[in-house]
Amino acid sequence: MTELPDILDICLNAVLSGQASIEDCLQQYPEYANELKAELQIALLTTRLKPPSLSQKQVAAIEARLISPSSRLFVFPQISKTAAAVVLFFFLLMGGTGGTIAASANTVPGDTLYGVKRFWESIVLLIATLTNQADDVWIHLAQTRLGEAKTLAQTGKLAPEHLQELQHAIENAMSHNGDSPELDHLLQTTYHTLSTDPMFMQVEGSMLIIQQIQQIEPLPTVEQLPPPTVEQHEMVITETPTVTQTWTFTPTMTWTLTPTPTATSRIPPTPTRTPTASPTVTHTPTPVLSSTPTRTPLPSVTPVTLTPTMPTPQGNGTPPTLIPGRVITSTPSPVATWYPWFQATFDACQLTRTVDPNYGIGSPYCP
Amino acid sequence: MNRVEEKRLIQAASKGDSQAFAALYRANVQAIYRYIYYRVSDAHVAEDLTADVFTKALKAIRTYKDSGKPLIAWLYRIAHARVVDHYRKTERRPDQVDIEKLSVSESADMDNRLLRQQTAKALRLAISQLTADQQQVIILRFIEDKRLEEVAQLMGKNVNAIKALQHRALRSLASRLERAGFKIDEFIAGLL
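Residue numbers (the numbering used here), protein chains in the order written: chain W, 10 to 376; chain H, 923 to 1114.
The shape of chain W in the complex, shown without the other chains (with noise of 0.2 Å):
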């Protein structure tokens, strides 16, 4: 069935193409006559207004400002990738505050190291310009300001220059970056925090950026969510999967570990092993794997790779030969426990990384 929306779409091309008039659409749909009429009105009479223009001396006054060369400043010198992260290594070797820069990372405003937090930012954020960058890092700057102003609402100090501090990343996330997908998925976070926690919605400012990502941003379902970013990096470090394995083997073997000493030697004895029981395995067993992952939330999970090998018997007396096995890895988790220092090295880490992509490849903490 045709829906007064699509009714009203049908006739306003007829309408304004001039197919056909207003008094034909409502013959046409009669049901609907009252309601198509005054739209139909209103969307012609709207089309019928002269459009609001800049004259051309207005036009060209803009212009000027615009290429004029005060306002060419902004076009920094390019300078490479690799230079910036020279830069970046030269501050943290200068003071020596890479730990503490880590440390900073989880503050909140009112924490000591929140000055060098934000210090930190504004050195990252002026690179990341120069290398042309600044487009990921206030996206970054914006996850940042949200994180924080959870932290603070779960505390109940949230207050109205936090929000301000996040509307205004936002709005610089929004003017860096067209319609990337990392854009719509730091609006879309924001506006289901804002508009799910209470303790935001009692803060001032929190209505206005609600409204402003909702005038701007169409809202999807959860299923229609973007990857995972760094932020929600961090829900899966808190709700790792955790998978139940089972491993069954069959074949039994033992065996005995007999030292041979020699009379010359001061180097402790070498055990050679040797085989005393016979194989009395007939059969190849399967391991038997049984993997639920359950979505138990668990602070800590240690990261397990598996690699699952059998035994071949063997009637010559030789060791059994490692057959390779099946490898299961579990969700990647970057240490076995989460540490608060954790987490601020990582966050720092991928502040660094916004500018060198290579930054930390390999540590545990900058997966």
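Careful: at least some of the hints might be erroneous.
What the hints assert, rightly or not - Once the Cα atoms are required to be at most 25 Å apart in a straight line, the calculated PhoX-like pairs of lysine-lysine come out as:
id : chain 1 : residue 1 : chain 2 : residue 2
1  : H       : LYS1043   : W       : LYS46
2  : H       : LYS1068   : H       : LYS1079
3  : H       : LYS1068   : W       : LYS59
4  : H       : LYS1043   : W       : LYS59
5  : H       : LYS981    : W       : LYS66
6  : W       : LYS59     : H       : LYS1105
7  : H       : LYS1068   : H       : LYS991
8  : H       : LYS978    : W       : LYS66
9  : W       : LYS46     : H       : LYS1105
10 : H       : LYS1043   : H       : LYS1068
11 : H       : LYS981    : H       : LYS1011
12 : W       : LYS46     : W       : LYS59
13 : H       : LYS1079   : H       : LYS987
14 : H       : LYS1068   : W       : LYS46
15 : H       : LYS929    : H       : LYS978
16 : H       : LYS981    : H       : LYS937
17 : H       : LYS981    : H       : LYS991
Stated by the list, open to error - To be clear about the criterion: a stretch of chain W counts as covered by chain H if any three or more of its residues have a C-beta under 8 Å from a C-beta of chain H, and this derived list gives those stretches:
id : region
18 : 13-23
19 : 55-63
20 : 70-76
21 : 177-184
None of these hints come from the bench; they were simulated from the model.
Ideal Cβ placement from N, Cα and C applies to all residues, glycine included.
Could you slot chain H onto chain W? The hints should help.
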């Protein structure tokens, strides 16, 4: 300006070519001005905010990421942010102006030209009081004369959402003007 040419200019502008940026500016400035004008209902404010939008765009063009949409979609986003910022700074909302002050209950006796001016003013004011989404649909669809699919692309919504917005916006405009005493029937009859 076609997309190929636009992409070429964006690329050049992102490398510091001011003439390329100027060409992009000239191609989009009037549309952005109209968008802002209908949202703030003030020519001077609209002019200032339009300049702001392009200043922001100039600063950010080097980091612009092409997502397949025309540049104007990005400029509309910046313009929206500027308008919101303007209202925040001035602590004034568009709905603080009462459309009923423009009431023309004696419209039948009024000079046609005056009536037209008054109606146009009331309609512009009514548009400025819609929600931002509704405003954008009305501006793009009936002032910029864009097809529904183009509006959907520019606003990043699906066509059905735009149809619903269009319906709600027109219904809202009709009821606002009706409440203010404008007899659209008579006015339309005079126009056609």
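*asked:* Of the numbered hints stated earlier in the document, which are not met by this structure?
replied: none
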